[in-house]
Amino acid sequence: MRLRLTPRNESFFDLLAVTADQLVSGADALGRLVTAPAVERPALAATLREIEHAADESTHAIMRRLDTTFVTPFDRDDIYGLAAGLDDCMDHMEEAGDLIVLYRVDRLPELVTSQVDILQRSALLAAEAMPRLRTLKGLAEYWVETNRLENEADRIYRRLIADLFHGGTDAVEIMKLKDVITALEDAADAFEKVANLVETISLKES
Amino acid sequence: MRLRLTPRNESFFDLLAVTADQLVSGADALGRLVTAPAVERPALAATLREIEHAADESTHAIMRRLDTTFVTPFDRDDIYGLAAGLDDCMDHMEEAGDLIVLYRVDRLPELVTSQVDILQRSALLAAEAMPRLRTLKGLAEYWVETNRLENEADRIYRRLIADLFHGGTDAVEIMKLKDVITALEDAADAFEKVANLVETISLKES
Amino acid sequence: MRLRLTPRNESFFDLLAVTADQLVSGADALGRLVTAPAVERPALAATLREIEHAADESTHAIMRRLDTTFVTPFDRDDIYGLAAGLDDCMDHMEEAGDLIVLYRVDRLPELVTSQVDILQRSALLAAEAMPRLRTLKGLAEYWVETNRLENEADRIYRRLIADLFHGGTDAVEIMKLKDVITALEDAADAFEKVANLVETISLKES
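Chains as they are written, first to last, in my numbering: chain L, 1 to 206; chain Z, 1 to 206; chain Y, 1 to 206.
A few of these clues could be false.
Each computed PhoX-like pair below joins lysine-lysine, with the alpha-carbon atoms no more than 20 Å apart [what the hints assert, rightly or not]: (1) Y:K176 with Z:K178; (2) Y:K204 with Y:K137; (3) L:K178 with Z:K176; (4) Y:K176 with L:K178; (5) Z:K176 with L:K176; (6) Y:K178 with L:K178; (7) Y:K176 with L:K176; (8) Z:K178 with L:K176; (9) Y:K178 with L:K176.
Just so you know, the hints here were simulated from the structure itself, not pulled from any lab data.
Since we're looking at a predicted model, the values are computed, not measured.
Given these sequences and hints, build the entire structure.
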């Protein structure tokens with residue numbers, strides 16, 4: 001009797017890398033949005049939404065392939081988790097951009113650009129890491145640095161919230177900015193969650 | 001040697017259909033609640049809560065059966081996902097009705113009735129779709145139409161939020177209405193999620 | 001041919017018990033925090049955060065063991081669910097303590113201490129229950145009592161929200177207190193979820 005093995009399907013790595021590249025584009029669009037004059041923001045939010053739709057397609061492509069592939073390069077649930085995790089990063093970034101426009105936020109606190117800067121760096125790290133899943137080599141720096149960035153994001157978030165509630169800002173403005181700042185913090189958390197999952201996978205599979 | 005196969009247990013479809021029928025009742029109670037005078041709302045919210053409890057029982061019945069059934073008509077996780085998804089629809093509808101009463105919201109924006117109207121139509125579509133899971137036939141219209149409804153819900157939601165923040169409404173009132181409107185939008189999203197899962201199942205199993 | 005069976009790894013019960021004990025410490029620190037004068041709260045929030053970090057470590061230890069253990073004492077997903085569920089309890093408690101300090105809440109409504117009292121009792125019940133998972137005996141009281149406590153928490157929560165919105169409180173203060181009260185209610189819900197999962201496991205495994 002011969003055991004027939006389906007070859008491990010490598011293209012999951014390509015699909016995850018495509019999704020992570022879209023996060024880089026998304027973080028870039030978000031960066032332009034938060035620094036642009038209010039009048040130019042709706043167009044940039046529309047760009048961000050298009051990128052989010054494209055990333056959604058990539059995520060669905062991964063899920064579909066998972067459903068139709070018998071042998072996966074590593075634990076099926078982990079690939080699912082990575083795809084869902086990257087999707088979360090994009091969703092929170094898109095939400096932040098969308099809220100800025102929907103709420104017609106005029107002046108954003110300066111530290112918001114630091115939040116977005118961290119997201120841009122987190123996205124780049126994720127995009128560099130995804131192709132390395134193939135060999136599971138050279139990934140430690142990715143999760144260490146992403147965790148460091150998330151800690152920095154957390155400090156900035158706390159500073160922003162404290163300033164917001166104790167700077168004499170009007171209640172309605174607080175409500176709006178709190179939602180925007182929180183969506184950006186949720187995005188940083190989502191990037192960390194992906195990095196932690198990559199760490200778990202690395203420990204498990206190697 | 002004889003391989004003994006447990007017959008595929010068809011009654012998952014019946015149980016899912018029962019839960020979806022409860023969503024129709026729930027959406028109906030919610031519809032009466034949002035159009036009723038404030039004084040009649042607590043009784044209607046209590047009705048909605050009873051329906052939610054009944055749906056909870058149905059969901060648990062599905063979960064219990066999943067735990068005790070060896071062979072399921074399709075992927076165990078997908079049945080779990082459908083049951084959990086229908087449960088989410090009910091939870092968000094119940095939450096919306098509950099918040100209206102808890103916050104003692106007096107005047108609801110007119111567009112809220114359009115949000116609830118979409119939920120009623122989404123519930124009807126889901127209730128029609130569940131029995132068709134047996135043959136996986138005639139389901140495309142369900143997910144296409146539910147997605148269309150969710151897009152409509154999204155437009156209404158955005159319009160409501162924009163009006164809320166820019167109509168000179170008092171801050172405390174904004175807080176209350178934002179929570180209600182968001183719970184209704186979350187319900188529409190939850191219906192879409194169930195429809196998307198049905199689409200995934202259809203593609204996978206057929 | 002002899003079938004070699006890996007012995008059921010009992011230490012999952014020990015690890016879950018450790019995590020539940022940490023919840024008892026966390027709920028205790030939270031209790032001291034909500035009754036302490038505002039000036040002493042930052043130090044108590046820091047203590048709570050340390051306990052939360054330690055619980056996080058325990059949770060990760062369980063996950064890692066799950067990843068490296070072939071035969072688990074009961075359904076792998078259920079152990080995962082218990083660990084994640086206990087982690088949620090801690091996260092919401094830590095969040096509540098953190099928000100009180102971050103928002104510089106001065107006066108907490110008196111009923112908040114009743115919310116925390118319920119969390120302390122729920123944590124004790126969970127800590128007593130975890131070692132009993134080994135035999136799955138004597139657990140019914142745990143889930144019945146935890147559900148009763150959650151119902152009580154729910155009534156207190158609703159009373160707090162109603163008072164908050166109708167007691168002439170300033171909008172910004174409402175925003176702050178609503179987040180704190182909701183984090184405490186989310187913690188009570190999280191304890192109930194763990195108890196419900198224990199009920200499910202008991203029915204399934206016995």
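Verification of the hints:
As the CA atoms of Y:K176 and Z:K178 are separated by approximately 16 Å, the hinted pair is consistent with the 20 Å bound. For the given pair, Y:K204 sits about 13 Å from Y:K137 by alpha-carbon distance, which is consistent with the 20 Å threshold. Taking the CA atoms of L:K178 and Z:K176, the gap is about 16 Å. The hint holds against a cut of 20 Å. Taking the CA atoms of Y:K176 and L:K178, the gap is about 11 Å. The hint holds against a cut of 20 Å.
Distance hint between Z:K176 and L:K176 is fulfilled; the C-alpha atoms sit about 14 Å from each other, no more than 20 Å. With a CA separation close to 14 Å, the supplied pair Y:K178 and L:K178 stays within the 20 Å bound. Proposed proximity of Y:K176 and L:K176 is supported: the alpha carbons are some 14 Å apart, at most 20 Å. For the suggested pair Z:K178 and L:K176, the alpha carbons sit about 11 Å apart, so the restraint of at most 20 Å is met.
As the CA atoms of Y:K178 and L:K176 are separated by approximately 16 Å, the hinted pair is consistent with the 20 Å bound.
The structure agrees with every numbered hint stated previously.
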